[in-house]
Amino acid sequence: METDLKLLESLRRGSESAWDDAFRRLYPVAFNAAQHPSAALPPAEAEDVAIETLTQLVDKVAEVKSFQELVALTAVMAARRAISERRKKYAEKRGGNQTTSLDHLREVAGDQVEPVACALNTLDTSDLVELMELLREALEPLGETARVLLHDHLLQGLAYKELAEKHQMPIGTVGVNIHRGLLQVRARLEQSPGLLKELRQFLR
Amino acid sequence: MDDQAFQELATRVISREASAMESARLESTIARDAARRAEFEALKCATGVLSEALPLLQAMKAAGPALPEHRVNELKTALRGQLRTRRPETILLRSALERWRDWIFERKVFAGGLAAVALACVLIFVSTDQPRIEVGMYETAVMRGGNGDVRVVPARPGVQMVPFKTEEEFEKWRKAVLPGRVKARLWIDEESGTVHVRFRGDRGEVRESSEPLAASAKDQENQFTRLIQAVK
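Protein sequence lines, in the order shown, are assigned to chains Z and U.
Position one of the first sequence corresponds to residue 1 (the working numbering), numbered consecutively onward.
Position one of the second sequence corresponds to residue 1001 (the working numbering), numbered consecutively onward.
Think of the hints as simulated: they come from the structure by calculation, not from any bench.
Keeping only pairs whose Cα atoms sit at most 25 Å apart, straight-line, the calculated SDA-like set for lysine to any residue is:
| hint | chain 1 | residue 1 | chain 2 | residue 2 |
| --- | --- | --- | --- | --- |
| 1 | U | Lys1044 | Z | Pro193 |
| 2 | U | Lys1172 | U | Val1162 |
| 3 | Z | Lys65 | U | Gln1220 |
| 4 | Z | Lys60 | U | Lys1218 |
| 5 | U | Lys1061 | Z | Asp59 |
| 6 | Z | Lys197 | U | Leu1057 |
| 7 | Z | Lys197 | U | Arg1036 |
| 8 | Z | Lys6 | U | Lys1061 |
| 9 | U | Lys1076 | Z | Ala62 |
| 10 | U | Lys1061 | Z | Asp4 |
| 11 | U | Lys1061 | Z | Glu140 |
| 12 | Z | Lys6 | U | Leu1057 |
| 13 | U | Lys1061 | Z | Gly143 |
| 14 | U | Lys1044 | Z | Thr145 |
| 15 | Z | Lys197 | U | Gly1048 |
| 16 | Z | Lys60 | U | Leu1057 |
| 17 | U | Lys1044 | Z | Pro141 |
| 18 | U | Lys1044 | Z | Gln191 |
| 19 | Z | Lys166 | U | Leu1009 |
| 20 | U | Lys1061 | Z | Leu195 |
| 21 | Z | Lys65 | U | Leu1054 |
| 22 | U | Lys1061 | Z | Arg136 |
| 23 | U | Lys1061 | Z | Leu142 |
| 24 | Z | Lys60 | U | Gln1058 |
| 25 | U | Lys1061 | Z | Val148 |
| 26 | U | Lys1044 | Z | Ala187 |
| 27 | U | Lys1061 | Z | Glu16 |
| 28 | Z | Lys6 | U | Gln1223 |
| 29 | U | Lys1061 | Z | Leu7 |
| 30 | U | Lys1061 | Z | Leu5 |
| 31 | Z | Lys60 | U | Arg1080 |
| 32 | Z | Lys6 | U | Gly1081 |
| 33 | Z | Lys65 | U | Gln1058 |
| 34 | Z | Lys197 | U | Leu1009 |
| 35 | U | Lys1061 | Z | Phe67 |
Construct the entire structure; sequences and hints are all you get.
If you want it as structure tokens, here you go:
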């Protein structure tokens, strides 16, 4: 198998076999990103979003510096497309076939609407790709335990006590791991002041 | 309150783990201390960003589900359409190079070490009455245009592509004595990664040379250009 750098060069040259390889590697990324909690698409629709996203990558390959960046771009594009699809569906359901703002979704549906993915919808694609890389770097040193705890706490909504029971560890350890993880992310974000400034505008 | 104590309290409030008294304590701290307020806002921002981004970070590591086979053709069609609108001849010919290489490796045509494959370069031509240079290649690697004709790219007089259907035909061509009107024959041995040239020297003697095949498609194009110029 080609190294990722060679693969990227082949993609830029328009090699069909390289694109076949890339599509197979990137489809799981796109599919899973299309199932972002803010979109909550069923699998069949996530599949459609993933395929549409992959077809858009051909024009984008010249803009990325590495295959890893292409992976991040795929995830960002798929998640955005999925959230957009959800907004359209919600608007159609309400009648009027007009897309509605995600803020409005939150206002009318209150707690029934998942977090509205402000950063995903307001940062431009290159900033989002940069953010993904930044967060990946921030989380890497934490270790698997801390990453799993952060995932369960932030995405599954598990409280410290529930996390302590699930992972068979003292509640204090849970707190320390989550605390360190958030500090690590904050510290890394502060190294990109421009990005942090934009994020602060949109996150409440 | 020292830094660590404040950070732990802020994390507990953001994580909704703080008691009412702890929350009130944090509120009064950040109400009177702008720096602490900024620190709390930064931590809240980090938490919000992570909540949005974690699903994407996980997606980036996903290995499944596999691309459904019934969607593969759809992707290929979309890909070819987009590539065709970019730089039709060069991209398609380069694709032919790649497909040619894939075709050869898939079929193990080069068994026994004689696996010599000629690839079309961007200098494919129509023959003329002048002594010509032949570039041998398998017929399946030739790109066909919409009207079924062989697609050619920037033409130069005197260089001809010679297509072969089988390895036997190719080997016969490769080993044959250079006909009178053929100045040189070029082909690529994919297995050894070399370009071979058999050419007629200035005194009519037949000589053969070979060199390593260039790594990238662009360099290969330049290599073929140089070799053809050298034997002309």
